[in-house]
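**Q** One letter stands for each residue in the lines below.
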Amino acid sequence: MVLLRSIDEITVEVAETVALKSNMLKHALEESNPEQFIPLPNITGEVMFKIVDYMTKQTEFESKKPQEIVEKSPELEGDVAKAKEALKAWEQTVATWEVAYMDVSMNMLYDLFLGANFMDLQGLLSLCAEKIASLIKGKTVKEIRKTFNIVNDFTPEEEADYVKKYEWAFTD
Amino acid sequence: MGRDWQHLPPELLQVIGKRIPSLAVYIRFRAVCRPWQSSCSLRPDHLPVQLPWLMLPYRSDGSNDSTRRFYDLAASKIHELDLPETRGMSICGSSHGWLFLQKGQEMSLLNPITRATISLPPFPGPLSTFGINPENLFENRDANEYAISISPTDNFMVRKAILTSSAHDSSCRVIVFTYSKWSLAFCKIGDVCWKAIEFQSGYPWGGDFRDITYSNGFLYTVSPFAAVTMYNLDNRSKTLLGGGVNLTRIHLVEGVSGDILLIHDKPIYVNRFLKETKHTVYKLSNNGPEREWIKVIDVGQNVLFLGSHHNALSLSSANLQSPKWGPNCLCYDSIRKKWNPQERFDSWYNHNIKLASLDNETVTDITADLGRFQVNEHWQRSLWLTPSLL
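Respectively, the protein sequence lines represent chains A and B. Going by our numbering, the first residue of the first sequence is number 1, and it counts up by one from there. Going by our numbering, the first residue of the second sequence is number 1, and it counts up by one from there.
Just to be clear, a hint being listed does not mean it is correct.
[What the hints assert, rightly or not] Simulated pairs of lysine-lysine, DSS-like, Cα-Cα distance not exceeding 27 Å: (1) A:50 x A:131; (2) B:18 x A:131; (3) A:164 x A:137; (4) B:324 x A:88; (5) A:165 x B:103; (6) B:266 x B:278; (7) A:164 x B:77; (8) A:165 x B:18; (9) A:142 x B:18; (10) B:18 x A:164; (11) B:266 x A:139; (12) A:137 x B:324.
What the hints contain is simulated information worked out from the structure, not anything from laboratory work. Every value quoted in this text rests on a predicted model; they were computed, and no experiment measured them.
Start from the sequences, fold in the hints, and give me the full structure.
**A** In structure tokens form, the structure reads like this:
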């Protein structure tokens, strides 16, 4: 078991197999004394639990992933089709869970994104990036700034120049 | 406490940028604030090939107007772009997001999105080819780079231009198919002259090739009876492959997995009135040395786009993220002509964009009528363009 400690001194225990999903933890475990906890200086307890949730569920999903059958002989054709079905169903289950998992507030999305980067969890990083991109698509620039609480730091001339150059992309 | 999305680390902003497949959304993403703009390149290499725009026909002579109109299939609307670089120029082709412009001997490339231009050597060059037998000049390995001469009666208008890769790749070559006796030539960007590939002495209008395309390092040409010749521009070799379909209205296009496809279009006249066009697709078989054209009704992941005069391209439906676009369909600029006994040489055509499904042959209108135009030297014809920042 591995002990993790958040910036607000909350600790959580995770199985080693789960912890290894994070490349950062993988390297930390290779170096440190297994008795001690691994500090996560950038991550609060709430975010830590959410990330551990991701790692635990991913490990569980991996262990349940159906085997693909690659045999091409005609007798096994039925089995090949069944295996394909099973794999598709599994992928659907994972996708559904991920959508529900990513239904979070903007603040949590931000913390998860940075947390996934800090812990080198590529799967979670992708999920967050995908979610952020989906919040950008279909919005005008003003709407994007509102969603992400961003201040327009361009000078009026800079902004006008850029918009004029690519005018077609800005018309609604 | 709110989070500082504005000042996310640049590498994380890039991770987000890479998840944006639409050109328009990517451009807006860079307009949000300074840190977002500076972290994400104006020449991103992650954007997939975009759904094309159709450049609409316009009257090209006697006008100072440089507003060009493009129908954007993704946004379902017409964009107006001011392109003064195109004034007085013929736009002969479109490849990898660049328009090929020609005025007499002057040739250049223009990217209408970025307004970048690249100049190309004048066609043909100032020197003549003394001492080289024009019949086998492509395979003449002793021939150094030479320029091509013309006679005053030669018509060197470009029929089609292809870029072998993105224009900013150092290995990019520009291949032109012209009405000249020097019917095929190529150059690398930055070269001082064109290199001839084929010389057609038999016909005044530039030989009996019908169309060309490029795939996986080889240039392919097709002649009536659809005989295919394959050229290797590096080692200057050419191979005649099979052929055998007796068709003339043919357009070559490279499929998304490198297949060579041939689209045959057949205009349908009803009471002498051009009403519709029917398309058949053939694929060049890959098996054995005797390649042949096989009629196909399933082009797999390909969504084909067909314009006029050799303008054709293909995209993968997997990248288009919308069930509307294929797979296995052909989107074309459909022209119609009302019969008018008064008109003889200056007929007016109308057009709109249609989508034909190749398996069940249904045809749907993608747009309403896009306006009328003529087909003569005063008018610039329509062309498909894949908008790109590269």
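**Q** Hint by hint, say whether it matches the structure.
**A** Hints, verified against the model:
Using a Cα cut-off of 27 Å, the hinted pair residue 50 of chain A and residue 131 of chain A holds, with the two alpha carbons roughly 16 Å apart. Taking the CA atoms of residue 18 of chain B and residue 131 of chain A, the gap is near 13 Å; set against the 27 Å cutoff, the hint holds. Restraint check: the Cα-Cα separation between residue 164 of chain A and residue 137 of chain A comes to about 20 Å, which is no more than 27 Å; the hinted pair holds. Restraint check for residue 324 of chain B and residue 88 of chain A: satisfied, since their Cα atoms lie roughly 23 Å apart, inside the 27 Å limit.
For the hint pairing residue 165 of chain A with residue 103 of chain B, the CA-to-CA distance comes to about 26 Å; that is within 27 Å, so the pair holds. Proximity of residue 266 of chain B to residue 278 of chain B is assessed by CA-CA distance (about 5 Å); at most 27 Å being required, the pair is judged to hold. Of the pairs offered as hints, the one joining residue 164 of chain A and residue 77 of chain B holds, with about 18 Å between alpha carbons and a cut-off of 27 Å not exceeded. For a cut-off of 27 Å, the pair hint linking residue 165 of chain A to residue 18 of chain B stands: about 22 Å separates their Cα positions.
Simply put, residue 142 of chain A and residue 18 of chain B have alpha-carbon atoms about 21 Å apart, close enough for the 27 Å limit, and the pair holds. Pair hint residue 18 of chain B plus residue 164 of chain A holds up; C-alpha atoms about 24 Å apart against a cutoff of 27 Å. At roughly 43 Å between alpha-carbon atoms, residue 266 of chain B and residue 139 of chain A are farther apart than 27 Å, so this suggested pair is violated. Distance check on the hinted pair: residue 137 of chain A and residue 324 of chain B sit about 19 Å apart at the alpha-carbon level, within 27 Å; holds.
Hint 11 from the earlier list is the only one contradicted by this structure; the remaining hints agree with it.
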